[in-house]
Every structure is written in C-alpha cells, then in structure tokens.
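Visitor: With chain A held as given, fit chain B onto it using these hints.
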Amino acid sequence: MLIYLTRRLGLALVTCAAISVLTFVIIRLPPGDFVDAYIANLASSGSVVTAEQAQSMRHEYGLDRPAVVQYALWMQRVLRGDFGISMMWRRPVTEVIGDRLWLTMVVSFAALFLTWFIALPIGIYSAVRQYSIGDYVATMLGFIGLAIPNFLLALILMYAGFRYFGLSVGGLFSAEYLQAPWSWGRVWDLLTHIPLPACVLALAGTAHQIRIMRANLLDELRKPYVVTARAKGLTERHVVLKYPVRAALNPFASSIAYLFPYLVSGSIIVSLVLGLPTVGPLLLQALVAQDMFLAGTIVLLLGVMTVIGTLVSDLLLMWIEPRIRLQGRA
Amino acid sequence: MTVATADDRFGQATQLQLTWWRFRRHKLAVISLFVVALFYLIAIFADLLAFSDPHATDARRSYIPPQGIHWFDDGEFRPFVYGLKGVRDPKTFKIAYAPDLTRKLPVTFFAHGYSYNLLWLIPTDRHLLGVEGGQPVDGIFLLGTDQLGRDLYSRLIVATRISLSIGLAGVSLSLLLGVLLGGISGLYGGIVDTLIQRVIEVLRSIPTIPLWMGLAAALPNTWSVTQIYFAITIIISLVGWTELARVVRGRFLALREEDFVIAAELAGAGQLRIIFRHMLPSFASHVIAAVSLALPAMIVSETSLSYLGLGLRAPAISWGILLQDTQNVQVLAGAPWLLAAAVPVILVILAFNFLGDGLRDAADPYG
Chain A
540 MLIYLTRRLG LALVTCAAIS VLTFVIIRLP PGDFVDAYIA NLASSGSVVT AEQAQSMRHE
600 YGLDRPAVVQ YALWMQRVLR GDFGISMMWR RPVTEVIGDR LWLTMVVSFA ALFLTWFIAL
660 PIGIYSAVRQ YSIGDYVATM LGFIGLAIPN FLLALILMYA GFRYFGLSVG GLFSAEYLQA
720 PWSWGRVWDL LTHIPLPACV LALAGTAHQI RIMRANLLDE LRKPYVVTAR AKGLTERHVV
780 LKYPVRAALN PFASSIAYLF PYLVSGSIIV SLVLGLPTVG PLLLQALVAQ DMFLAGTIVL
840 LLGVMTVIGT LVSDLLLMWI EPRIRLQGRA
Chain B
262 MTVATADDRF GQATQLQLTW WRFRRHKLAV ISLFVVALFY LIAIFADLLA FSDPHATDAR
322 RSYIPPQGIH WFDDGEFRPF VYGLKGVRDP KTFKIAYAPD LTRKLPVTFF AHGYSYNLLW
382 LIPTDRHLLG VEGGQPVDGI FLLGTDQLGR DLYSRLIVAT RISLSIGLAG VSLSLLLGVL
442 LGGISGLYGG IVDTLIQRVI EVLRSIPTIP LWMGLAAALP NTWSVTQIYF AITIIISLVG
502 WTELARVVRG RFLALREEDF VIAAELAGAG QLRIIFRHML PSFASHVIAA VSLALPAMIV
562 SETSLSYLGL GLRAPAISWG ILLQDTQNVQ VLAGAPWLLA AAVPVILVIL AFNFLGDGLR
622 DAADPYG
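Quick mapping for you: the protein sequence lines, in order, are chains A and B. Be aware that the first sequence starts at 540, since it is given in the numbering used here, and climbs by one per residue. Be aware that the second sequence starts at 262, since it is given in the numbering used here, and climbs by one per residue.
Chain A on its own, in the form it takes in the complex:
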C-alpha cells in the first residue's frame, strides 16, 4: 500500500518534471528569444530599446547563459509562482489565465464522470449479449461517437443550434453571469451550461470505455469459473455481476489514467469551437501570437493539473478497488 503510494507519487513527480522540460523546449522553440519579441512589441508601439538595454535585459533574464541554467532559473521562478509577463496582454500570465484553468478542469471532470456513468452498463450489456441487436446498436453508437472527432460534433451542434433554433449553444455562462463575481447563482448557471460540452467531450471516451469493458468482460466470461458458477445453478445475474464483472473492472478502472489526459486534451479544441472560457482559446491565441510565456505556462499548468487529476482519481480507485492496493499496481 505504502509502496504503491510512493511509487505513484514518484511517477507523478517525474511526469511533472518531464512536462516542465517539454514546456521549456516549446517556449524556446520559436526563433529569437523573449527579449527579441519584447523589443519588436515595443517597437510596434513606438518606443525604442537600445542594444545595451536589450543586453542588460538578456542578462537579467539569464538569456545569455546555457540552456540548462536557463531552465533552472525558469523553474525557480515558476516554483515561486512567477510565470512571467504575457506579451500579448501586458499583464502577468497568472492574471490572464485566471479562472480559465479551473473551468477547464471542471469541464473535463464532468466529462469523466459522464463517460463512466454511460460506459459501464452499456459495456456489460454488450458483452453479455454479444452479437445481439442491442450489442450491435451499442457498438454502432459507440463507434459513431468514436468516429466523429469531438470538435466536429461540437461544430455540428453549433450549426444545428444556430440554424434551427437561432441560438448560440456555446459558452459556459449566461450573459448576465459572464463577468459577474463568483456566487451561488453563477455556480448554478455554470452547472446548467456544463452538460452540453461534457456530453460532446464524453462521447468519444465513452465509446472507447465501452469497448474496453466489453473486451475484458468477454475474456472473463469465457473462463471456466464462469461455467462452474453457472453449473452450480447461480442465477444469470449473479453469475455475471458477482465475478466476471468485478474481474473485468480492473483494466477498465485503470484506463482512467489515460482517459483523463485525453479529455483535457479534447476540451481544448472543443472549447475553441463552442467558445468556452477555458484555456483552449487562450492557448491558440498565445501560440499564434508567439506569446510563448503565456502558451508555455498554459501547457505546463494543464499538464500538471492533469497529472494531479489522474493521481486523485487513481487514489479514489485504490479506495474502491482493493486489488490495486494489494497488487501494488495501477
């Protein structure tokens, strides 16, 4: 148990470190450095920066040192919560991001729960009644969910909403709550807006989870112990739910570690289509404008939040699934 916990935490830390390195690479990838971009930005608004000033700025930010040192300096600042200034908005990056990061997580978690809620019963049904009409319909629907990239689904919904109902389906808040400070009313407003993006996001994941559950359960159902249970005269319900489903649940449950990053990833592009106030649209703007501190911070925070989210759901699973605790593996 303790071994599992330490192992899991260690892995999360390593993942975060890997994400930070990747983020740093992304920040440094575009030609020129932060100071070049800053000077170009100032020049476009009329001010001039001398070569000396530029040099001192480079020195101040450590841009004249080797990449490893720069990474260390950057990490130092990041760990203190200083993510730098957004070139595009001329405000600290943390201020620009604001609530958007949390909203991204809220939408992703909502989609996660929805996925589970739908996939589990359908997966079981599909396996128990393999090649039945119901199985075909469920598989078919699942596959269609899998086949329509979620941004296309969002697009089609947007179009349908606009064309047939004359309303915009996007957004996470009604107009009156858009800029309002947090209140119970705003939370409720958020809750009423979440189902649509959550459904759009969950559809593809659901299809995948149904397939995992179906495949695992089919493997289990073929095993001799099921025949034994049936031969002993247990009711069909008992035969299926008591043993094979439990056994099949393990791989299904552990796939959560891959499902959550997938949902966060999907939420970025769905947000862009549906105009959700998550980090998605901000990330695209920042990347197009080469506002690398903002873009880098979003990628970093998103990655770290995903790792934490996955960790939390893993710990929850451990609590539900005793075998993970005993086997010491996810």
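Derived by calculation from the structure, the hints in this document are not laboratory data. No residue lacks a Cβ here, since even glycine has one placed at the ideal position from N, Cα and C. One thing to keep in mind: the hints can contain errors.
Derived EDC-like pairs (lysine to aspartate or glutamate); straight-line CA-CA distance at most 20 Å [claimed, not checked]: (1) Lys762(A) - Glu775(A); (2) Lys288(B) - Asp674(A); (3) Lys365(B) - Glu337(B); (4) Lys365(B) - Asp335(B); (5) Lys762(A) - Asp622(B); (6) Lys346(B) - Glu393(B); (7) Lys771(A) - Glu759(A); (8) Lys762(A) - Asp625(B); (9) Lys346(B) - Asp319(B).
Here are a few chain A residues that face chain B, going by a calculated C-beta distance under 10 Å [stated by the list, open to error]: (10) Ala551; (11) Ala557; (12) Tyr675; (13) Phe682; (14) Leu823.
Guide: For chain B alone, coordinates are given in the frame of chain A:
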C-alpha cells in the same frame, strides 16, 4: 477418398485461413475493408476523379450552392448541368451567380481539364467527368464552392491524398518506434523494460493536443508544404507509438513463456530465428489490428491541428484545411455545404475502427 468433416477443415486450416474465417464473421469489418480500399483508390486516382482544378480560384464562383448532375434529358441518357448566369442584385448592385435554367451544358466522360500526372507517371488532362466548352465560370459543382470559388468536391477528392497518406506515414513511424522499443522492452526485460515503460507512462499522462499545438506552432513559417508535412507526421507519431509498443511488449512477454518458443530454444534455434520465424507470425495479426486502430487517431490528429490552423497550411489541401472554412458559424449558416468535408473524415475513421475491431477479434482465431 475421405469426406472432410467440419472438424477436419478446422484442424487442417492454416492460421491465415482461420484468421480470415474469423474476420468474415464480423460483417461490419468486411464492409469497412471495402470502404477503406475505396478511399485509398480515390486517393490514388484523385486527379482523375476531380472535376476542376482544386487550386483554381474564381471570385464569380464564390459560395455557389451544390448543383446535381442531371443524368437524363427528355428521358434519354444525356447528362448535363446548368450553366451559371450573373444576376445583379437590385439593392446591393452586387452580381450573384445562379444556375441559368436555359443553358444546358453536356457533361462528358473523360473530358479535358487541368493537366496532371496520372499515377504520378502519365501526363494527361483527362478527367472522369467534365464540362467542355461553355463560359469559364461554368462547371460541375456537386458539393458547391467555397468563398474563393473553388469546387469543394474536387478539393475533397484531392484532400483525400494528404489526409490518408499522413495517417499512413504517421503510423509507419509509430510502428517503427513501437516495435523497436516495445520489442526491446519485452525481450530483454529488467531495467531497460522498466525505463521504457516509465517513459510510456509519462508520455501517456500528458494531454496531447496542447503539446502538439505548442510543437506545431513552433514550426517556421518559411518551411515548404513538404517540410511541414513531415514535421507534422513526426509530431503526431511522437505520442502515437506508445500504444503499439504496449501491444508488442505484451505479446513478447506472453509468447516468451509459450511451449513452442521454449521448444525452439531447446532445439537450438538462434534468437533472431525464434523471433522472426516463431514469434512474429503469431503476433503479427495483433500488431496489424493495433495499426488499423492507430491510423484513425493519426488522421483525427492531423485534421484537428489543420483545423486549428496549426497543422498543414494552404496551398496544401487536407480535410482539416477544408474544415477551417467552417470555423465561423455565420459563414456556415450561409454555406452549410462546407460541412461536407466532415463526411469523409467520419466515414474513414468509422471504417478503420470497424476494420481494426474485426482484425483484433480475428487476431487470435483459436479463442
């Protein structure tokens, strides 16, 4: 002469036959096989099937709604389309082009059109269907046109080429990485295995789209279409290999303990011989199934990136680039036919998924 019973038939069948029999049971997978083959044929003969130059812009043709081909004229088989005529809007004074019901343009088979190389070899200007004569503005607009007056059908057909090939290229690269690293991982085990498995776990716990967006946005603007194409292929296969590696490693681990492998070892077969002669044939089918499931993911990745404007860039034509036009809901409301680009994406992904599913079920025909 003995009469072959059903049992004999199964007993004597080769593994390939058994796999094929199992595969045939999955009807949707069989249909999907044909659909996929059809799409690749379209990609190969794209220029032949296109009606007009997918790059040719013509402001007068802007946003022309889809027009069908009329196959019968007065009860006789004489395919034609209507010509276009400009009508000046009395309020805005803008000229809008609409079908001119008085002018019938005959549609001919193997008509002359823009020049291209058939199968990249034979220079020709023949197209399966086309309109000859008429005014420059006339043409077949099966799926309408976009803002710049380019025929959407022709663009869709030509886009098939890039969208499908980038999937193949990405999967090939992923397969190479996956088989290599997964194989090493499964074969040697120990510290190498642990290391590779941790790398895979880390890679899989990072949300991919933001990562891809960051990497893709960093590609220099000055790069040519081909360079961007290969860069995008590498970017999308960077993450895609993990699943393939997992499958390969799992198979290696499972087969290492099998009796026939131990028997081969005891008989003194070399390691390479064991891998390629004994192990590979028994897990090739699993890898093929994993590949056909990885392909649609690659296609979606490219489509998503291009849709965001971070993937391939015009003048390249891919499904994602065609979908870029649908980003604005106002435009979409005025020209809903632009959504047609979503149809092949959905069809191909659906077909590959069914195919992969059927192959996976068939991969282990003894179960």
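Visitor: If a hint holds in the structure, say so; if it does not, say that too.
Guide: Structure-based check of all given hints:
Between Lys762(A) and Glu775(A) the CA atoms are separated by roughly 15 Å; this keeps the pair inside 20 Å, and the hint holds. Proximity of Lys288(B) to Asp674(A) is assessed by CA-CA distance (about 14 Å); at most 20 Å being required, the pair is judged to hold. Of the supplied pair hints, the one linking Lys365(B) and Glu337(B) holds, its CA atoms being roughly 14 Å apart against a limit of 20 Å. Among the hinted pairs, Lys365(B) with Asp335(B) is consistent with the structure: their alpha-carbon atoms are about 12 Å apart, no more than 20 Å.
Of the pairs offered as hints, the one joining Lys762(A) and Asp622(B) holds, with about 17 Å between alpha carbons and a cut-off of 20 Å not exceeded. Taken as a hint, the Lys346(B) and Glu393(B) pair is honoured in the structure, with Cα atoms around 17 Å apart against an allowance of 20 Å. For the proposed pair Lys771(A) and Glu759(A), the alpha carbon gap of about 18 Å is at most 20 Å, so the pair holds. For the hint linking Lys762(A) to Asp625(B), the alpha-carbon distance of about 16 Å falls within 20 Å, and the restraint holds.
With a C-alpha separation of about 14 Å, the suggested pair Lys346(B) and Asp319(B) falls inside the 20 Å cut-off, and the hint holds. Here the hint on Ala551(A) is kept, as its CB sits about 8 Å from the closest CB of chain B, short of 10 Å. The beta carbon of Ala557(A) comes within 5 Å of a beta carbon in chain B, closer than 10 Å, and the hint placing it at the interface holds. About 8 Å separates the beta-carbon of Tyr675(A) from the nearest beta-carbon of chain B, less than 10 Å, and the hint is met.
With its C-beta approaching chain B no nearer than about 5 Å, Phe682(A) sits inside the 10 Å limit, and its interface hint holds. Taken as an interface hint, Leu823(A) checks out: its beta carbon lies about 6 Å from the nearest beta carbon of chain B, inside 10 Å.
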